[in-house]
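S.K.: Chain by chain, the residues:
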Amino acid sequence: MSTKRVVTATINGTDSTLIVDDRMSLLDALRDAAGLTGTKEGCLTGDCGACSVIMNGRLVDSCLVMAPEAEGAIIETVEGLAQGNDLHPLQKRFLEHAALQCGVCTPGFLVAAKDLLDRNPEPTDDEVRYWLAGNLCRCTGYDKILRAVHDAAADLRSSSR
Amino acid sequence: MAVVHVPSLLQDLTGGVETVEVQVSGEGRTSVRQVVEELDRRFPGFAARLLWEDDLMPGIAVFIDGEQNRLGLRAKIAGDSQIFFIPPVVGG
Amino acid sequence: MEKQTPGGRPYKVIGTRPIRHDGEDKVTGRAQSGADISFRDQLYGKVLRSPHPHARIVSIDASKALAMPGVEAVITGAELPQPHDRMFLSGEGGVENFRYVNDRVLASGKALFEGHPIAAVAAKDIWTAEEAVKAIEVTYEVLPAVTDVLKAMQPDAPLLHEEITTETLGEKKKESTNVCRHTQHKRGDVDQGFSAADVVIEREFTTSTVHQGYIEPHNATALYRSDGQITIWTSTQAPFWVRRDVAELLELPLSTIKVVPLEIGGGFGGKIAVYLEPLAVLLSKKTGKPVKLVMNRQEVFLATGPASSTATRIKIGVKKDGTITAAAAHLVYEAGAFPSNWAVMGSMCVLAPYKMETLLIDAFDVLTNTPKVMAYRAPSSPQAIFGVESVLDEIALELGMDPLELRMKNAVEEGDRRADGPKFPRIGLKETIQAAMDSEHYKSPAPSGPNQSRAVAVGFWFNAGLQSSATVGINMDGTASVVTGSVDIGGSRASMAMMAAEALGLKAEEVRPSVADTDAIGHTDVTGGSRTTFATGMAVYEACQDVLGQLKKRVATLWELPEEEIEFDGSAFQHADNGKDPMTVKELGAKLTATGGPVMGHSSVAPTGVGASFGVHIADVEVDPETGKVTVLRYTVVQDVGQAIHPSYVEGQMQGGAVQGIGWALNEEYVRNDEGKMMNPSFLDYRVPTMLDVPSIETILVEVPNPGHPYGVRGVGETPIVPPLGTLHNAIARAVGVRMRSLPMSPPKLSAALQAKGLEAIAAPTP
Ligand code: FES
Ligand code: FES
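Chains as they are written, first to last, in numbering that gives the first Met the number 0: chain Z, 0 to 160; chain S, 0 to 91; chain H, 0 to 766.
One or more of the hints may lead you astray.
[As the list claims (entries may be wrong)] With a straight-line Cα cutoff of 30 angstroms, these simulated DSS-like cross-link-like pairs (lysine-lysine) come out:
hint: 1; chain 1: H; residue 1: K185; chain 2: S; residue 2: K75
hint: 2; chain 1: H; residue 1: K585; chain 2: Z; residue 2: K91
hint: 3; chain 1: H; residue 1: K123; chain 2: H; residue 2: K288
[What the hints assert, rightly or not] Where chain H lies over chain S, by a calculated footprint (3+ residues, C-beta under 8 angstroms):
hint: 4; stretch: 7-18
hint: 5; stretch: 65-77
[Said to hold, decoys possible] A few chain H positions that, by computed beta-carbon distances, are all more than 10 angstroms from chain Z:
hint: 6; residue: V57
hint: 7; residue: G76
hint: 8; residue: Y99
hint: 9; residue: E170
hint: 10; residue: E247
hint: 11; residue: T322
hint: 12; residue: E413
hint: 13; residue: S438
hint: 14; residue: R511
hint: 15; residue: A519
hint: 16; residue: D545
hint: 17; residue: L587
hint: 18; residue: T592
hint: 19; residue: G736
hint: 20; residue: G757
Think of the hints as simulated: they come from the structure by calculation, not from any bench.
Beta carbons are placed, not taken as given, at the ideal position from N, Cα and C, and that holds for glycine.
Between the sequences and the hints, there should be enough to build the whole structure, so can you do that?
M.R.: Take a look at the structure:
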């Protein structure tokens with residue numbers, strides 16, 4: 000039988016109270032309970048990265064986290080990347096480079112890339128490829144994504160200087 | 000003379016002949032239907048293999064000079080037309 | 000008139016790289032795909048699927064499921080209208096019979112593949128729906144299954160459909176068989192052609208079943224209202240075909256159905272057919288509530304797509320100078336559980352790139368206990384051309400000839416006949432081969448370390464035309480809106496807006512493109528067949544011409560001059576000699592009300608003039624002889640793209656297609672056990688390439704404008720998946736001296752082949 004519970008978490012900087020079912024994953028909770036459908040579902044087995052979010056500073060596949068585990072957590076999703084109408088450099092560079100075709104993988108890539116750049120402001124090609132290897136894109140062949148991440152990294156470095 | 004390229008699986012009817020010339024009456028007045036009828040007179044059974052309910056067999060389209068013509072049997076041919084019966088293409 | 004508008008002016012918008020109009024929504028997470036919508040009172044659907052690849056359904060008892068609290072409806076095949084014979088055009092070019100669509104959507108009588116839908120449930124939440132599916136009791140009589148195409152052709156193979164006999168153009172054989180169709184193309188006397196050759200090579204090849212692998216699983220939500228009006232929200236490549244298919248299957252008037260296409264997370268041909276849509280409609284009809292169904296990844300692998308496994312035999316004869324004198328192809332394609340036309344398509348592609356006096360192609364579509372094969376990017380072309388490109392590579396080595404020179408010598412050009420008959424219009428294969436020869440990649444020294452090499456292969460796709468509709472409205476500020484019925488799967492809104500901007504003398508940002516539902520625009524066929532930029536682009540162009548014709552009248556009114564004396568020069572309306580300042584579309588916007596009211600143009604097209612597309616790929620590889628792992632060191636895609644509207648998205652198509660082809664060549668396959676069950680239905684075990692697996696794909700755009708389109712457009716998206724199979728195969732062969740002739744060339748298979756060959760071969764490769 001279903002058990003409902005209240006989960007409070009900070010989602011994209013806002014304190015949120017969600018009513019979740021015990022059987023829900025964090026992905027379901029974000030999409031169905033919080034209405035944040037930017038985080039996508041591709042596999043539910045942790046193999047595609049479409050559901051990537053940052054939870055307590057760690058990149059996770061939200062399909063593998065149960066919703067109750069999010070109690071008290073700080074969660075960042077794709078919806079939190081832009082500051083109001085000011086797009087994050089990653090978002091701008093993805094658009095400029097045409098680093099998306101269908102766009103279903105894009106939220107996951109953006110979140111994973113943000114996590115990378117938070118840790119490593121000047122990643123090498125190999126470091127980007129390694130970090131983003133958990134995110135599948137079937138449309139682009141990855142080259143434009145790689146370039147967009149490098150350019151965004153440069154933007155962030157110059158703006159933080 | 001217009002030229003009909005006989006689909007290879009119908010060449011049993013034409014005795015292995017790959018192309019057949021057909022007389023075209025007036026420019027733009029002969030239809031593919033008339034061509035098929037003419038071929039059926041010369042090679043009995045031809046129409047039965049190519050037509051289905053008064054239309055081309057599903058999965059067969061008429062190509063005239065390299066272009067699919069959606070009018071099918073109603074398409075008009077010219078004196079020097081090259082006519083093919085092959086499947087239409089869609090894709091992924 | 001290369002690189003110019005039909006009026007002979009240089010392009011202003013076409014060939015630039017504006018930000019796509021729908022981009023912001025896609026990077027902020029606001030874009031809504033089918034799985035993202037929900038309704039307050041919606042129910043969740045779940046499909047019960049056959050665990051057996053082949054079984055008779057003896058009985059279905061849903062009473063326990065129906066008794067569960069929260070379960071609102073269960074449907075089975077018995078509730079679909081009786082299947083009937085009716086042919087229709089599907090993604091595969093040829094036609095399909097609705098009888099079998101009906102049976103595929105919900106089984107009747109027999110389960111024909113693992114994952115075949117047996118029943119569907121609607122319940123208050125997904126967990127209840129899942130429990131209810133488990134509570135349905137089905138008694139199966141398990142039958143022997145056949146999943147291998149060659150085995151399925153044997154006379155003693157288990158039969159899928161008793162009523163099916165081999166069809167050979169208008170003739171049906173008498174005996175029941177799994178070979179549902181035989182296709183043939185013939186030119187001249189092929190035996191004579193081979194006797195005239197100095198070198199003849201004949202080889203056999205196999206490829207495995209692969210999946211389109213789009214990241215977004217299938218979804219559908221439907222609402223059946225009490226007045227009989229139906230709305231379907233879904234992520235599809237072909238909303239108008241979804242409407243047709245649902246109407247046909249459920250015997251409903253077409254006009255009662257509205258299909259709202261939501262954003263689509265990839266398709267590649269795999270999101271053309273209906274799977275969930277008819278079930279959602281039936282469940283909604285029973286419950287009066289919106290019903291939403293979303294597949295999981297396992298369901299996607301088991302019950303959608305895939306592309307055919309194949310067994311082919313290719314024989315090519317050449318003169319000493321490399322001229323092809325004859326070619327023969329014997330092609331066997333997996334159809335899946337229902338009749339398909341994939342071998343038909345393969346037969347039309349296999350020898351298309353080359354000239355020859357004599358040829359013979361025989362192709363067979365074969366039923367197997369596997370999901371019905373669906374279109375996958377240039378459907379059937381990769382498997383067919385793979386063998387040809389491998390044989391040509393061997394011939395080049397035998398003749399001591401440069402492999403591109405061999406291709407150049409035999410390449411088709413305008414006026415040459417395609418292997419299946421019709422003549423090619425203006426095509427750019429020779430230009431593409433030349434561009435590959437001239438490329439920095441090909442001119443650079445080939446990698447020469449141990450187990451390294453370079454190779455090439457050619458690819459081809461016809462591209463499609465079909466039908467499209469568009470409207471163009473001029474806003475009161477002189478900007479424009481463009482509405483089409485073509486789902487935007489990879490940036491087509493931007494290219495539509497750019498073509499309209501070019502035509503109207505506006506900037507790309509001054510045109511707002513959108514995709515309409517089936518009630519809001521004229522019939523438009525599938526986003527597929529690389530036809531959208533070509534055909535829907537043509538509709539947009541024509542609608543703009545309609546607008547310009549109307550605007551000219553307005554200018555004539557304003558200037559009080561005869562319409563005939565006014566010209567639109569691509570930027571503004573002009574009058575030759577009366578000193579009027581030119582007037583742009585932008586300026587006219589505000590003057591529409593005073594000159595007769597709003598202006599809107601529309602167009603529906605079924606264009607001819609489709610331009611085929613050819614590509615040449617170059618790969619440098621290194622093989623690890625221990626593990627059999629192949630590293631792609633460098634990879635270049637050279638392709639005739641007609642005129643690139645938005646070059647970034649053209650490059651993206653080339654890169655994405657190449658990477659799918661690389662996956663097909665090196666890793667992807669359906670692994671099945673002895674019972675015919677798929678052992679790897681997850682992204683963990685079905686390995687599509689990740690960012691670590693492929694280098695940055697380099698692109699060279701060759702622009703040979705298609706004379707059949709006002710802006711020279713030819714389809715781009717499909718061709719790039721074709722050459723990687725042959726390219727990587729040949730590169731591996733040249734690197735380690737082993738011709739695998741069997742895909743995928745996965746590490747275990749390759750290392751086993753290398754071991755069999757012995758270690759000397761690795762030390763001194765003689766391919
Ligand atoms: S949906 Fe979570 S990793 Fe694929
Ligand atoms: S853009 Fe479609 S999956 Fe990445």
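S.K.: Could you run down the list of hints and mark each one as holding or not?
M.R.: To see whether the hints hold, each was checked on the structure:
Under the criterion of a C-alpha separation no larger than 30 angstroms, the hint pairing H:K185 with S:K75 is consistent with the structure, at around 26 angstroms. With a C-alpha separation of about 28 angstroms, the suggested pair H:K585 and Z:K91 falls inside the 30 angstroms cut-off, and the hint holds. With a C-alpha separation of about 10 angstroms, the suggested pair H:K123 and H:K288 falls inside the 30 angstroms cut-off, and the hint holds. Under the rule that three or more residues need a Cβ within less than 8 angstroms of chain H, the assignment of the stretch 7-18 of chain S holds, with 5 such residues.
Interface restraint, the stretch 65-77 of chain S with chain H: holds (5 residues with C-beta to C-beta distance below 8 angstroms; minimum three). The claim that H:V57 is not at the interface with chain Z holds, since no C-beta of that chain comes within 10 angstroms of its own (minimum 32 angstroms). Listed as outside the interface, H:G76 is consistent with that label: its C-beta sits roughly 28 angstroms from the nearest C-beta of chain Z, beyond the 10 angstroms cut-off. Separation of H:Y99 from chain Z is adequate, the least Cβ-Cβ distance of about 28 angstroms exceeding the 10 angstroms criterion.
No Cβ of chain Z approaches the Cβ of H:E170 within 10 angstroms, the least distance being about 41 angstroms, so the stated non-interface status holds. With a least CB separation of 28 angstroms from chain Z, H:E247 remains clear of the 10 angstroms interface cut-off, as annotated. Distance check for H:T322 against chain Z: the nearest CB is about 36 angstroms away, which clears 10 angstroms, and the non-interface claim stands. Against chain Z, the non-interface label of H:E413 holds: every CB pair exceeds 10 angstroms, the least being about 31 angstroms.
Every CB of chain Z is more than 10 angstroms from the CB of H:S438 (nearest about 17 angstroms), matching its label as outside the interface. Distance check for H:R511 against chain Z: the nearest CB is about 17 angstroms away, which clears 10 angstroms, and the non-interface claim stands. Separation of H:A519 from chain Z is adequate, the least Cβ-Cβ distance of about 22 angstroms exceeding the 10 angstroms criterion. The Cβ of H:D545 lies farther than 10 angstroms from every Cβ of chain Z, with a closest approach of about 30 angstroms, so its non-interface assignment holds.
Chain Z leaves H:L587 outside its interface by the beta-carbon criterion, the shortest separation being 31 angstroms against a cut-off of 10 angstroms. Taking the minimum C-beta to C-beta distance to chain Z, about 33 angstroms, the non-interface status of H:T592 holds against the 10 angstroms cut. Non-interface status of H:G736 relative to chain Z is upheld: no Cβ of that chain comes within 10 angstroms, the nearest being about 29 angstroms off. With a least beta-carbon separation of about 35 angstroms from chain Z, H:G757 lies farther than 10 angstroms from that chain, consistent with its non-interface assignment.
Going through the hint list in order, the structure satisfies each hint without exception.
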